[in-house]
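Undergrad: Here are the chains, one letter per residue:
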Amino acid sequence: MAGSETQLTSGDGRSVSRREPGGGLAVALWATLRRDLLLLMRRRSEVLNPLVFFALVITLFPIGISPDPQLLATIAPGLLWVAALLAALLSLDSLFRGDYDDGSLEQLLLTPQPLPMLALAKVTVHWLLTGLPLALMAPVLGIMLSLPAGSYLVLAFSLALGTASLSLIGAIGAALTVGLSRGGVLISLLVLPLYIPVLIFGAGAVQAAVVGDGAAAHLAILGALLALSLMLAPWAIAASLRISING
Amino acid sequence: MSLSLQARKLACERDDRCLFEDLDLDIRAGEIVRIEGPNGSGKTTLLKILSGQLADYQGELFWNGMAMRESRQAFLENLLYLGHAPGVKSALTPLENLTWYQALAGDNDNEAARLAALESVGLAGFEDVPAGQLSAGQQRRVALARLELTPRPLWVLDEPFTAIDRDGVAALEERIILHARSGGCVLVTTHHELRNTDELRRVHLGTGGQPHGGF
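Chains as they are written, first to last, in my numbering: chain A, 586 to 832; chain B, 13 to 227.
Keep in mind the hints are simulated off the structure, nothing from the lab. Be aware that a few hints might be false.
[Unchecked claim] Derived list of chain A stretches under chain B, where covered just means 3 residues or more per stretch with a C-beta under 8 Å from a C-beta of chain B: (1) 611–618; (2) 621–629; (3) 678–691.
Note that the structure is predicted; figures quoted are calculated from it, not measured. Idealized CB from N, CA, C, for every residue including glycine.
Input sequences plus hints: build the corresponding full structure.
TA: Dropping the structure here:
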C-alpha cells in the first residue's frame with residue numbers, strides 16, 4: 586500500500602463528520618441494474634441455459650407425441666407456457682446465490698438505500714435476461730408446434746407479462762433458500778403453487794387467441810397479477826433476504 | 013461531531029451455546045476497539061450484531077443515544093462494514109466493483125476517486141483486470157479500497173488483515189490509527205497483534221462464550 590499516506594489526508598475531513606440520511610436511490614438502482622447486467626453478460630451460459638432448455642423441450646414434443654398439426658395446435662398453448670415456466674424456474678436459484686457466496690449480499694443489506702427497491706432492480710435484470718428472451722423466442726417455437734398464426738402476438742405478450750410475475754414471485758423463494766446449500770428443489774416446492782394462477786391465465790390467453798375469442802380478459806388478469814406481485818413481492822423478498830442472512 | 017455506539021446487556025445464543033451475555037460496550041469517536049477471543053467465541057457474531065445485521069440477540073443497542081431500531085437509517089449512513097467475505101465480484105474488474113459500491117453508498121459516479129482509492133491500496137495498474145485473476149490478497153485490497161472511496165466515521169472490520177502481505181498490514185494498521193485520530197471509530201476483529209496506542213481498547217470474548225469482563 587505504498588503512497589497511501591497522501592490519499593489518507595484528503596479523505597480525513599470527510600471521514601470525521603457524521604452523515605445524515607440522504608438520497609442517491611436512483612444512482613444506487615441504476616448501478617445495481619448495470620452491474621447485474623454486466624455480470625450476466627460475462628457469464629453468458631447462465632443466460633443461455635433456460636433458453637436452450639425451453640427450445641429443447643419444445644422441439645422434442647412433436648417428435649415424442651406426433652407430428653399431427655391438429656393435435657399439436659391443441660396442446661401448444663399449454664405446452665409453451667409450461668416449458669417457459671419451468672425454464673424460468675431453472676434460472677431462479679442463481680438469482681441471489683452468487684451475491685450470498687461472495688459477501689456482496691450482506692453489503693446490499695447494509696446500504697442506507699431501501700432494500701425492496703434494490704431487490705426489485707435485481708429481479709428486473711432477471712426478467713430482462715430470462716423472461717423477455719423466453720417471450721420473444723416463444724413465437725418461433727410456436728411455429729414448430731403449428732400454432733395458428735394469429736396468436737403469436739398474444740403468446741409473446743402473455744409470456745412477457747406472466748414471466749415478470751414469475752420472476753417476482755420466484756425471487757421470494759430464491760431469497761428464502763439462498764442460505765441453504767441445496768435450495769434448488771425447495772424453491773420449486775415453495776414457488777410452484779403460486780405460479781399456478783399465472784400459468785392458468787397465461788395459457789388461457791393463448792388458448793383464447795387460438796380459438797378466436799378475445800384474449801383481453803386473460804391478459805387483463807395477468808396484468809392484475811403482475812401489479813399485485815409488483816406491489817407485494819419486493820417487500821417479501823427484502824424480508825426473506827434478511828431472514829436468510831440472519832440464519 | 014461526536015458519535016457513539018453503545019450496547020447494554022448484550023447476550024447472544026447460537027445453537028444452544030451462549031456466546032456472550034451481559035456484555036456492555038461503549039464505543040466513542042476516536043477509539044479502536046479490538047474484539048479478541050479464540051475461534052468460535054462469537055467475534056463475527058458480535059460484529060454482525062453491532063453492525064445491525066443480526067436481529068437475533070437480547071439487550072439494547074444505541075446509536076448516538078437513540079435506540080438502534082429507530083435510528084437504523086442514520087446508523088447505516090455512517091457505517092462501513094467489511095465482512096469475512098470481501099464482497100468482490102470475480103467477473104468484474106476492481107474498477108467496476110468499486111463503481112457499484114460507490115453508487116450503493118449514494119455517491120455520484122466519480123472515476124477519479126475510484127482510481128485514487130485503488131492506487132491507495134496498491135492496485136494501480138490492476139484496474140481493468142478481472143478480480144477473479146487477482147490473488148486473494150489483492151481481492152481483499154479491492155474491498156479495502158472502499159475505506160478510501162466512501163469515507164464513513166464508523167468502520168466495522170472483520171479480519172481485515174486476512175491474506176494481506178506484511179507491508180500492507182502495516183499500512184492498514186496506520187490507516188486504522190489515523191482514522192481513529194481524525195475522529196472516526198473502528199471496531200475490528202483480528203488475530204494480528206495490533207500496535208498498542210492510546211486509541212486501542214480490547215474486548216475479550218472467552219471460550220464457551222463467557223466474557224471475561226469488558227474493559
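Undergrad: If a hint holds in the structure, say so; if it doesn't, say that too.
TA: Hints versus structure:
1. 611–618: holds (count 5)
2. 621–629: holds (count 4)
3. 678–691: Result for this restraint: holds, n = 6.
In this structure, none of the earlier numbered hints is contradicted; all agree with it.
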